[in-house]
Amino acid sequence: MNGRLRKECGAIVNAAIKKVQPDAAVRRALEGREFTGKVVLVAIGKAAWQMAKTAAEVLGSRLDAGMVITKYGHVMGPIDGVECLEAGHPVPDGNSFIAAERAVELVEPLGEGDTVVFLISGGGSALFELPLVEPEELQNITNQILASGADIVEMNTIRKRLSAVKGGRFARLCAPAKVFSVVLSDIVGGPLDMIASGPAVSDTSTCADATAIAEKYGITLSAAARKCLETETPKTVDNVETVITGSVRELCAAAAEECAAMGYEPVLLTDGLTCVAREAGAFLGAVARTHAGKGKKMAFIAGGETVVNVTGTGLGGRNQ
115 MNGRLRKECG AIVNAAIKKV QPDAAVRRAL EGREFTGKVV LVAIGKAAWQ
165 MAKTAAEVLG SRLDAGMVIT KYGHVMGPID GVECLEAGHP VPDGNSFIAA
215 ERAVELVEPL GEGDTVVFLI SGGGSALFEL PLVEPEELQN ITNQILASGA
265 DIVEMNTIRK RLSAVKGGRF ARLCAPAKVF SVVLSDIVGG PLDMIASGPA
315 VSDTSTCADA TAIAEKYGIT LSAAARKCLE TETPKTVDNV ETVITGSVRE
365 LCAAAAEECA AMGYEPVLLT DGLTCVAREA GAFLGAVART HAGKGKKMAF
415 IAGGETVVNV TGTGLGGRNQ
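When you line the sequence shown up against our numbering, it's residues 115 to 434, in that order.
Errors might be hidden in some of the hints.
[Said to hold, decoys possible] Only pairs whose alpha carbons sit at most 27 Å apart, straight line, appear in this in silico DSSO-like list of lysine-lysine:
| no. | residue 1 | residue 2 |
| --- | --- | --- |
| 1 | K133 | K121 |
| 2 | K132 | K411 |
| 3 | K121 | K411 |
| 4 | K330 | K341 |
| 5 | K133 | K185 |
| 6 | K121 | K132 |
| 7 | K121 | K330 |
| 8 | K152 | K132 |
| 9 | K132 | K160 |
| 10 | K341 | K133 |
Just so you know, the hints here were simulated from the structure itself, not pulled from any lab data.
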């Protein structure tokens, strides 16, 4: 890729990301909304600080207490009335466990008529964790899954069964208080119960699904972990209202707008690309070769998520 094209590609990506930043979504979700009783804020994920800062500005004096749990290096300054904690990602660490415990302590005293404003973004599965198995085993299982080539739905189907706050369990810990959740989607297709492993939504996956995934990828599990996989997650969560935003589809649409503004004819190939990274590269290269030299400026857009099956010493995981 020549310098001009690389520069323009970078500008398109940056402009598209800017258009779907969480600030505006949080502001739209909260402005004009009336909350009764106490209002407590819990924000988890890599965008948690940014989302919480906007929420605190909108809520103002209505906010009684709050907590941010985000990745190391992602707290950009203090937020009035909100405690900001950083933790491990993509593998949960001791701070992930401490932060989740403190969030539970924050919401458990709430009563009927109170509200938890729950802001969720990508990375929440690792950053917000109370393990039901030994912490070291949870970390080991996470590393195994990351290296296996499993997609995020498969990964989180297992994760939510090893956790006291995933798969709808955090919402139950908040009860009888209501939960108003604003979710920044980081999963292709936006399955709500898989984003951050669904801490505030009923789980659609089953024990059979989790066991099959563990067998498919040869995940080593202790007897305690196997028992967790065989224990069903909540299938009804009735104290939550959710607003979902920031999907891959929105990002592709924003990229197309920016391409058109720069004089390119945008062509959306898909917003649901899911495959191994090398396959995605070969596919996109073939598309470019097919349309090269046609005398017009075209921009091909693909949104989705690629994974890597680690055979050496890499970290693995996914890339959206």
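- prompt: For which of the previously enumerated hints does the structure constitute a violation, in increasing order of number?
  reply: Failing hints, ascending: 7, 8, 10.
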